[in-house]
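Participant: Sequence:
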Amino acid sequence: MIHKRKKFVCIGAVHTDYILQFKTKHFNNRTNPVKKTQYMGGVAYNIAEKLSFLDLKTKLISLNLQQTNIDKISKNKITFKALSREIYDRSYTSVLNKKGEMILGLADMDNYERPLTIKNIVNKKNNRIIFDLNLSLKTIKSLVSKYSSLNTICVCGTSVYKVYKIKKLLHKINILILNKQESLNLSNKKNIKDALKFIITKNKNLTAVITNGKNFVKAYHNKNTYICKPPKTKINNENKAGDVMSAFFYYYFFQKLNFSTVLSKSITAGTLHVSGFISTKTNYLKKIDKLSENIKVRIKKNVR
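Going by our numbering, the first residue of the sequence shown is number 1, and it counts up by one from there.
FYI, nobody ran anything at the bench for these hints, they're computed from the structure.
Here the structure is a predicted model, which is why all the values come from computation and not from measurement.
Check each hint, because a few of them may be wrong.
Below 30 Å or equal to it, Euclidean Cα-Cα: the simulated BS3-like pairs (lysine-lysine) are [what the hints assert, rightly or not]: (1) Lys77 to Lys36; (2) Lys98 to Lys25; (3) Lys125 to Lys202; (4) Lys119 to Lys167.
FRET-style restraints, in silico, Cβ to Cβ [as the list claims (entries may be wrong)]: (5) Lys229 to Lys81: 34 to 42 Å; (6) Lys286 to Pro33: 32 to 40 Å; (7) Pro33 to Arg298: 40 to 48 Å.
Backbone N, C-alpha and C fix where the C-beta goes; we use that ideal spot for every residue, glycine too.
Using the sequences and the hints given, assemble the complete structure.
Facilitator: Rendered as structure tokens:
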């Protein structure tokens, strides 16, 4: 069980997500019919929303929001704290093909890079602090440096254009979750194997997870490497899948389960999201338990 006194604190992006999905096979340089949906998003918010869904005490920290959005967050049993007085525009638009596969992501995120005067935002020690990388390099460096000694620092790669922000902070991070391209950009390597080696040389005590879509997931934990393949599924919507996988990874990891179990269950959660599965917490966890039993995790021990 997760210790009740320990809190998850998610720091980063909260904004409106717009999803444009083609209704038919699309044609370049032509008008195409789409279905448009919108909802609250941002990596930090997506992770916080899922942690709260799992009944974990969760705090969310970002730029200020309209009161209606703060109220929505509160209804999800998430405590919100604003880093700014002003409310700045920011949004994300995802373009999906008819199958629900992402074609393009369009990020209007410049306002997250604004300089911020950060006061004390986490009052206690022993928090699990989860960063996305949307805030400025200066802000992220300041917060990670300030809180790393007494808290567990978790980072989600967020974007190939933003992952550079942690290159000199790897020694202060406890858990790092990246996709393939983020790992290559961070390490300046040409494959996941070498990227993982680069990360390990910077911090051998770090737990690292690198996803490669439907192909495989590779991880490093406690001097061992792990590799497994996500279960096959029919794609409904790939948007947010990485955030969902990350949230469930933290959920299972801090229960101190066997690491192979943590990995198989969390990638199953991401796959369920892609398939469009929606249910209560109890049914969701039961579905994960059942499907993850079929995932084989290969372990290579004592990696140096």
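Participant: Each hint: holds or not?
Facilitator: Hints, verified against the model:
no. : hint                        : result
1   : Lys77 to Lys36              : holds (27 Å)
2   : Lys98 to Lys25              : holds (6 Å)
3   : Lys125 to Lys202            : holds (25 Å)
4   : Lys119 to Lys167            : holds (24 Å)
5   : Lys229 to Lys81: 34 to 42 Å : holds (39 Å)
6   : Lys286 to Pro33: 32 to 40 Å : holds (38 Å)
7   : Pro33 to Arg298: 40 to 48 Å : holds (44 Å)
Hint violations for this structure: none, all hints satisfied.
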